[in-house]
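**Q** From just these sequences and the hints, can you work out the full model?
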Amino acid sequence: MLKTFISAAVAAAGVFALGAVANAQEAVKIGLIVPMTGGQASTGQQINNAIKLYQQKNGDTVAGKKVEVILKDDAAVPDNTKRLAQELIVNEKVNIIAGFGVTPAALAAAPLATQAKVPLIVMAAGTSIITERSPYIARTSFTLAQSSTIIGDWAAKNGIKKVVTLTSDYAPGNDALAAFKEHFTAGGGAIVEEVKVPLANPDFAPFLQRMKDAKPDAVFVFVPAGQGGNFMKQYAERGLDKSGIKVIGPGDVMDDDLLNGMGDAAIGAVTAHLYSAAHPSAMNKAFVADYKKAYNARPGFMAVGGWDGIHLIYEALKKTGGKADGDSLIAAMKGMKWESPRGPISIDPETRDIVQNIYIREVKKVDGELYNVEFATFEAVKDPGKTKK
Amino acid sequence: MTLLTILFDGVAYGMLLFVLACGLAVTLGLMNFVNLAHGAFAMAGGYVCAILVNRIGWPFFAALPMAFIASALIGAVLERTLYRHLYHRSHLDQVLFSIGLVFMAVTGVDYVMGSSQMFINLPSYLQGQIDLFGLHVGRYRLMIVVICGLLTIALQLILSKTRFGSRLRAAVDDPRAASGLGINVPQVFAFTFAFGCGLAGMGGALGAEILGLDPHFPLKFMIYFLIVVTVGGSSSITGPFFASLLLGIGDVAGKYYVPTLGAFVIYTLMIVILLWRPNGLFGRSAAR
Chain D
1 MLKTFISAAV AAAGVFALGA VANAQEAVKI GLIVPMTGGQ ASTGQQINNA
51 IKLYQQKNGD TVAGKKVEVI LKDDAAVPDN TKRLAQELIV NEKVNIIAGF
101 GVTPAALAAA PLATQAKVPL IVMAAGTSII TERSPYIART SFTLAQSSTI
151 IGDWAAKNGI KKVVTLTSDY APGNDALAAF KEHFTAGGGA IVEEVKVPLA
201 NPDFAPFLQR MKDAKPDAVF VFVPAGQGGN FMKQYAERGL DKSGIKVIGP
251 GDVMDDDLLN GMGDAAIGAV TAHLYSAAHP SAMNKAFVAD YKKAYNARPG
301 FMAVGGWDGI HLIYEALKKT GGKADGDSLI AAMKGMKWES PRGPISIDPE
351 TRDIVQNIYI REVKKVDGEL YNVEFATFEA VKDPGKTKK
Chain G
1 MTLLTILFDG VAYGMLLFVL ACGLAVTLGL MNFVNLAHGA FAMAGGYVCA
51 ILVNRIGWPF FAALPMAFIA SALIGAVLER TLYRHLYHRS HLDQVLFSIG
101 LVFMAVTGVD YVMGSSQMFI NLPSYLQGQI DLFGLHVGRY RLMIVVICGL
151 LTIALQLILS KTRFGSRLRA AVDDPRAASG LGINVPQVFA FTFAFGCGLA
201 GMGGALGAEI LGLDPHFPLK FMIYFLIVVT VGGSSSITGP FFASLLLGIG
251 DVAGKYYVPT LGAFVIYTLM IVILLWRPNG LFGRSAAR
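Line by line, the protein sequences give chains D and G.
Residue numbers for the first sequence follow the UniProt record's numbering, so the first one is 1 and each next one is one higher.
Residue numbers for the second sequence follow the UniProt record's numbering, so the first one is 1 and each next one is one higher.
Any given hint might turn out to be false.
[Unchecked claim] One-sided and incomplete, this derived list gives chain D residues near chain G with beta-carbon spacing under 8 Å:
1) Thr-37
2) Ser-42
3) Asp-213
4) Ala-214
5) Lys-215
6) Gln-227
7) Gly-229
8) Lys-233
9) Ala-236
10) Met-262
[What the hints assert, rightly or not] Here are the simulated distance ranges between beta carbons:
11) G:Gly-57 with D:Glu-339: 39 to 49 Å
12) D:Thr-185 with G:Val-146: 39 to 49 Å
13) D:Thr-185 with G:Asp-93: 21 to 31 Å
14) D:Pro-198 with G:Leu-274: 53 to 63 Å
15) G:Thr-268 with D:Tyr-295: 18 to 28 Å
16) G:Leu-157 with D:Lys-293: 38 to 48 Å
[Claimed, not checked] In silico negatives: residues of chain G with every beta carbon more than 12 Å from chain D:
17) Tyr-87
18) Asn-184
19) Thr-230
In case anyone wonders, no lab produced these hints; they're calculated from the structure.
For glycine and all other residues, C-beta sits at the position ideal for the given N, C-alpha and C.
**A** Below, the structure is given as structure tokens:
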């Protein structure tokens, strides 16, 4: 409350003292809109943590300008996102808006980015269509189709013939299913049964029993991150791990954030994803160590999305020599390539979406902790949702 | 064999629902108080158990009674400080008050414990399945059936056979006459309320493994508690017990045999039963 009052007072003072305007232009302001409360809070916390860490490591000035991040919590409610984006653009005069934990939030802010010519950096939300909603959007997270199609290709080539799918009945679940199905059946695999689980019911017992009876080679799973643990525990409880039915899926289910809480039930699950805290590069080892030191937790793929997002902004500012208008920044971002803790990545100049390696990983116990250990790489994967056009 | 497995899973799920919801049947049915915050006490029990087991290293079976005691204590304190002022207020006031409590509990737990899903580290002897005459039975679910079965019998005996049970029934039916007979009505109510909260807490601790545990627990499962109490009728314990079993088996079997309609089976069952018996399975006529 006091903070709001002070900032309001400062803003009012600024109107009278015209000198303040000149000052404001020295800084580049980023409005970071992420869920910090509610069910998606861990997304926002990871992104915010990673950005703070990046600024500690790389300083908060770039190309002679101070980079200032203004954090706003939208609790993943699109109405809030839109209002906050509007306030940030109009009142705070931010140069960039960033964050966006879920797809509806990113879509709600997209028209504002176009109208105000402000770049919108998506650091988490993962539906293909997002980057098509405004020419000012760039993404540093992932698309769901990237990992779901790759696991489909991999499964078909690695002796998995019969698959039962279990997906949560909501948009991301259906997207993951469609992407997997297309690639897996094209590779010669057969889906013997599709089970869609209601979003609000986490007792998987009857669905798992159905799978046990169908005797497939593998189960393809996509459920909201929190439920992944329940699924794996009940999968083991029913003895599916011993009956030789593999668990495969996009890596969201085995997020580093949750993996240790799942317990040994998760061991052996094979997933395709963009990032694992166990990625064996020097850069990632340093990133994980720094992150652990600062926050006493392991970074997940959301943290990497935030890290690369702020890196993209820094590099774009270097390239424009500190020019922070939307058109110059977006132009600078297109085609940019760099080494991230997740591996080599780039921004597709045509779609402004991320191009990255997708790794196949298996959950293993390393030094008493569970990790997704990478064992195969599909290089420079573009978003399959767009390459079709 | 599969049929039996489904039946067993359904019974275990139903028993769990019963322990979670029977406290609500007590407050709602016996005390005539609409306590929508019931799930918050269940969540409290779940978190107490999770903290004791995961962080302090208590054995699961030692933490389970603590979940009961902690939730009962919270219940007792809240009953004395807040709830008792609302006994004579309208049901609408009670609904608004208790739903407010739910939201406070959700944000409070979110703030203290974080929003991600919590798991309780189970001992290895509770994991996996055992072979009972060819039938594969989950050990954890078997434990739920045993614990919940014993609890139900104890509860029924307390209510129907003990002095406390008859005092409670008297206090509910006619508080004025009961006080005239020397029954300390507020004390009986406080004790009953706390006991109901304790049961919820234990249900929360038992259910964390199957239902999951996060700050949104009270909101996510409120509808299930209400269905159990509505279908069972709220004037006895037997009603909600049979309702829970019926709904548990119906839900699990529906999801197994017709997965596409799975989520709706429980609602369909509820509607059919309520059309047939509007006051619930064992409900008395709507005299009150």
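**Q** Hints numbered earlier in the text: which of these fail when held up against the supplied structure?
**A** Result: hints 4, 5, 13, 14, 15, 16 break, sorted rising.
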